[in-house]
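Asker: Which chain is which? The protein sequence lines are A and B, in order.
Going by numbering that gives the first Met the number 0, the first sequence opens with residue 0, and the numbers climb by one from there.
Going by numbering that gives the first Met the number 0, the second sequence opens with residue 0, and the numbers climb by one from there.
Everything labelled a hint here was simulated from the structure, so no lab data went into it.
By construction, the Cβ of each residue, glycine as well, lies at the ideal position given by its N, Cα and C atoms.
It is possible that some hints are incorrect.
Computed beta-carbon distance windows for the label pairs [said to hold, decoys possible]:
1. A/Glu241 - B/Asp12: 32 to 38 Å
2. B/Asn110 - A/Ala194: 46 to 52 Å
3. B/Trp114 - A/Ile142: 52 to 58 Å
4. B/Ser104 - A/Lys64: 49 to 55 Å
5. B/Leu194 - A/Val21: 29 to 35 Å
6. A/His112 - B/Arg9: 43 to 49 Å
7. B/Ala179 - A/His112: 37 to 43 Å
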Amino acid sequence: MRNKAAVHYHVMLIPAIVILAVFSIYPMFGALIAFEDFKPGKGIWHSPFVGWDNFRYMFSLPDIKQIFYNTVSIAVLKIVFTQIFAIVFALLLNEVRNLFFKKTVQTIVYLPHFISWVLLGGIMINLLSLDGIVNEALKTLGIPPIFFLGSNRWFPGVLVGTHVWQEFGFSAIVYLAALTGINPSLYEAAAIDGAGRLQRLLYVSLPGIASTIILLLTLDLQNVLNAGFEQILNLYNPMVYESGDIIDTYVYRAGLREFQYELGTAVGLLKSAVSFMMIAVSYFLASRFANYRIF
Amino acid sequence: MVRSFRSADRIYDTLIAVVLILLSLSTLLPLLHILAVSFSDKASVAGGMVTFYPIHFTLAAYRAVVSDHAFFRAFGISVERVLLGGGLQFALTILTAYALSRPKSEFRSRNVYMWVLVFTMIFSGGLIPFYLTIRDLHMLDTMAALVLPTAVPVFNVIVLMNFFKSLPKELDEAALMDGAGPWYRMIALYVPLSLPSIATVTLFSVVGHWNAFFDGMLLMNSPDKYPLQTYLNQIIVQASLPQSHLTPDQIEQMAKLSDRTVNSAKILVGLVPILVIYPFLQRYFVTGITLGSIKE
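This is chain A alone, in the form it adopts within the complex (with noise of 0.2 Å):
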């Protein structure tokens, strides 16, 4: 009986390895263009083979120490930033006690999560433009423009303060829920022993989300190669290359753009070998230390 029902299980899940198999598993082996000389005539498997030739050449690149920098500092910077402005979102809206008010501010914020970066990016081009309206306000204020979009002074900070501008609102949405799990008592407790409303959001709200905190950190140890590929995408140019170009930008303008498919393929598998093992040690922490199970 038992077994019988197994059956129809395996001819369930069919479809999904089928699709698996083909569009995530088998493009696994194609990264062994990484270690061939690759020949698009002859194929990923009997392209002549070369050893560690791509990456000894990826490493004499005079380009490629700027671009994990620029990875890993794009993404720090955007994870602890938003971070912030989530905690900092959740507490204050956690103390507003208007329902109405409360969930108008929600509808807002959330929003921009939802748009895609190419209209995100129309619409940063055309507000941080030489021309934009926040030049515009610069000028009356009598400050000369600023090229938010082609100068690398700029740029980083813009990719951080838009990134945050869309994901602050979402990001909250864990911190406000484990902020209605505290326990009332609690702040019945420090209100007779006088603390007010400014002490009782430090001294209760903000330790009862610490280990939220904690574990949403820990989550994004997973994103510190994750810059934002489709926001840089659709926000930089020839002009800023030097500041915004990130691994995964770099893998699609030197590697597919330019045919350089080994190199492409070598700098990607670097990205998925240490994104791999990046996942697995947040993975491990969080669920030791908090108890989180994806499943």
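Fit chain B to the known structure of chain A by using the hints.
Answerer: Coordinates of chain B only, in the frame set by chain A:
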């Protein structure tokens, strides 16, 4: 004493409200500006006069969008990929999640499948091997290239699987007593009981397909096959970003000539489907997120 507490409270509440209003405005104003630009005349936009309301109100930009065949072709392709891709993800998410939600005692190989799925979620062969796979399958320039590779959204599968697992076992046993087979139990028992969760993951599928632009850019060679987001990326982003061979003065000239009003109108039309489903999304996504992530 009591009175001073109250007034301190009021200041505190007001300060918080002000900060929250400022944060909300920071989200709204950029969108309002685009809206205002799209309804203003070109000269006012080029003169930097438009802020958050239209100057010299006109529908010219929207008329230009309506008569733009390339825009509507791309829009149609996006609708097609949302329907096909969303439908595929819907069916495969339910099927896969249901099979994987069965306990190990009933389905011994469950964990093997589970690990395969999770492995594909956390490790990837990279962009170039993926591109070569699609090319070797002769799928470049086809709708299949946009909908098949993402047909199994593993994260959504896990969210739904967790929900299926949380349903009471007694229901399942009762159905089993009545002689219901696995397919019947899935369709007549599990799916109807999980509609909110299914709605959540389906809405996320729809948003994902509507917003995807990079696969169109990577896998479609001919621009007449571009989905809307890829098309918008080409005409708005690529065309208006500063180019390195130009001097800042020339760039300023270029920017003045570029059609900001029409581009803004196109951005907003591209945003409409998201705005339409946003209220539904909002109703469901909190459940979806808390289901998938934190389980303490």
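Asker: Hint by hint, which ones does the structure fall short of?
Answerer: 1, 6
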